[in-house]
Amino acid sequence: MPQPFAIYSSPDITKKEFTVDVNNAKYHTTNGKTTGPSTYVLNAGQVDIDKPSDPKIDATTQQPTQLSQLRMSLTGLQDDINEFLTERMEIAKNKKLKTQDVKEEKRLQEEINELLDGGDDDDEEEDIAAAK
Amino acid sequence: MVNLNTIEPRNGRNYYIALGLEGSANKLGVGVIKHTRLPNTASGDNSHNCQVEILSNIRDTYVTPPGEGFLPRDTARHHRNWVVRIIKQALEKAKINDPTADIDVICFTRGPGMGAPLHSVAIAARTCSLMWEVPLVGVNHCVGHIEMGREITKAENHVVLYVSGGNTQVIAYSENRYRIFGETLDVAIGNCSDRFARTLKIPNAPSPGYNIEQLAKNCQHKESLIELPYTVKGMDLSMSGILAHIDSLAKDLFKGNKKNKILFDKETGEQKVTIEDLCHSLQENLFAMLVEITERAMAHVNASQVLIVGGVGSNTRLQEMMGQMCKDRADGRVHATDERFCIDNGVMIAQAGLLQYRMGDYVKDLSDTVVTQKFRTDEVYVSWRE
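Chains as they are written, first to last, in the numbering used here: chain Y, 1 to 132; chain X, 1 to 386.
No wet-lab data here; the hints were simulated from the structure.
Wrong hints could be hidden among the right ones.
Claimed, not checked - With a straight-line cut-off of 25 Å between C-alpha atoms, the simulated DSS-like cross-links for lysine-lysine are:
1) Y:K51 to X:K327
2) Y:K56 to X:K154
3) X:K95 to X:K34
4) X:K233 to X:K374
5) X:K34 to Y:K51
6) Y:K56 to X:K34
7) X:K154 to X:K327
8) Y:K56 to X:K201
9) X:K201 to X:K154
10) X:K201 to X:K259
Computed from a predicted model, the values in this text were never measured in an experiment.
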């Protein structure tokens, strides 16, 4: 059976491929690392009764059925994708925070300078003009 | 004239079979229904009289610990992990062995609701549709409730009161639309009671609203109500302020804040009010507001009956209060259904979806199956009514 795979692309990444490594245990379970209940509900005392069903074992071959194999491979792939996307989100968030901090500082400094210059009155005039 | 028989049932049968999938909030519902192709549905206004046969109606609810609501991500996970098992159960119960040959249409909730859970169920619906080569119909959740209520109760000339955890609307039909006469301006009535249940830390099973109702029933001082804000605004109502008010009362009660004169006696410091009293007063106050706007809507459209749909509609006290109001109006009547059809379920989605399908309105392109969190009741063109 051919293995499933996933390709991610965006303007800054031309191609990122996710493939199944048959020797890795994470592609042989239906319980993913990132697809469980959120930590918040577990901390609130949630008992997880909504787990995915276990893989179905074929009675004659004693191996997981084809569909169960696929489910397990996809669980592993989903974990890989989730981790990759979370990482990207974190990077993007840090960048945004940094630029926001710089902007905020600049804005505060400008405001202080304006007040020191007695620029407060000018603003009011501008406001009135804008309202008109 | 409405002809509900234009589309031929599959495989030369004389009946239609629809599979309905619902998952807009914390309930995952799968239902299978059957409509026989009757001569009376070829003309006239008979969409509420299709003689529906319910072949299966399976529901699984995502329940959170006391004091917690349901989060979109975890609710979606519940739906994703259960949907295949529940569909299998529903098909087995309905004795559908070959879905490709036996099912005419798959109906799913397109909105309104929580994005992530809606999305999970829509994916299941698309998969089944492609796998079995069965057409799809995206259904408005609110219209699902209304059509199920109409079919079960056979109500005519009515105003619809739609009350649930996510919606509070007074609706009347006019010229192919279910028009909203009044609605909540902030939180829904079910949300108000669910959130109060969280403050009280009472169990969320079977549902927080049901547990509030039971507490209210046990109230020992039904003759004296605790004063709460009464916020009817024209045809609309607002409930967030009432919730904040009663929440603060409950918190004072738990803390034993003797300074609160509503809860504790000024001189002796003795507790005057119980949790049951709070639940009773909250229900009476909220339901009185609903009765007021519903009555006004009835006067507007000259209707004599009320059809109550939605999860809160299974509250017997609300049914009783609405019944009293209707009795006072000439020949008035209340129509309500029990929890099987009131609380979110797959059958109602199948019912509304099958009516839509029988009018020839089904998904032609999968891009039309994208779910939407905002989907107002009056956006739907009701082609199956005169």
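Cross-check of the supplied hints:
A threshold of 25 Å between alpha carbons decides the hint, and for K51 (chain Y) with K327 (chain X) the separation of about 50 Å lies outside it, so the pair is violated. The straight-line distance between the Cα atoms of K56 (chain Y) and K154 (chain X) is roughly 46 Å, outside the 25 Å bound, and the hint therefore fails. A C-alpha spacing of about 12 Å is found between K95 (chain X) and K34 (chain X), which places the hinted pair at or below 25 Å, so the restraint holds. Note on K233 (chain X) and K374 (chain X): the hinted pairing holds, with a Cα-Cα distance of about 23 Å set against a maximum of 25 Å.
Restraint check: the Cα-Cα separation between K34 (chain X) and K51 (chain Y) comes to about 32 Å, which exceeds 25 Å; the hinted pair is violated. Using a Cα cut-off of 25 Å, the hinted pair K56 (chain Y) and K34 (chain X) is violated, with the two alpha carbons roughly 32 Å apart. For the hint pairing K154 (chain X) with K327 (chain X), the CA-to-CA distance comes to about 19 Å; that is within 25 Å, so the pair holds. With a C-alpha separation of about 39 Å, the suggested pair K56 (chain Y) and K201 (chain X) falls outside the 25 Å cut-off, and the hint is violated.
Under the criterion of a C-alpha separation no larger than 25 Å, the hint pairing K201 (chain X) with K154 (chain X) is inconsistent with the structure, at around 39 Å. With a CA separation close to 23 Å, the supplied pair K201 (chain X) and K259 (chain X) stays within the 25 Å bound.
Consistency with the previously given hints fails for numbers 1, 2, 5, 6, 8, 9, ordered from lowest to highest.
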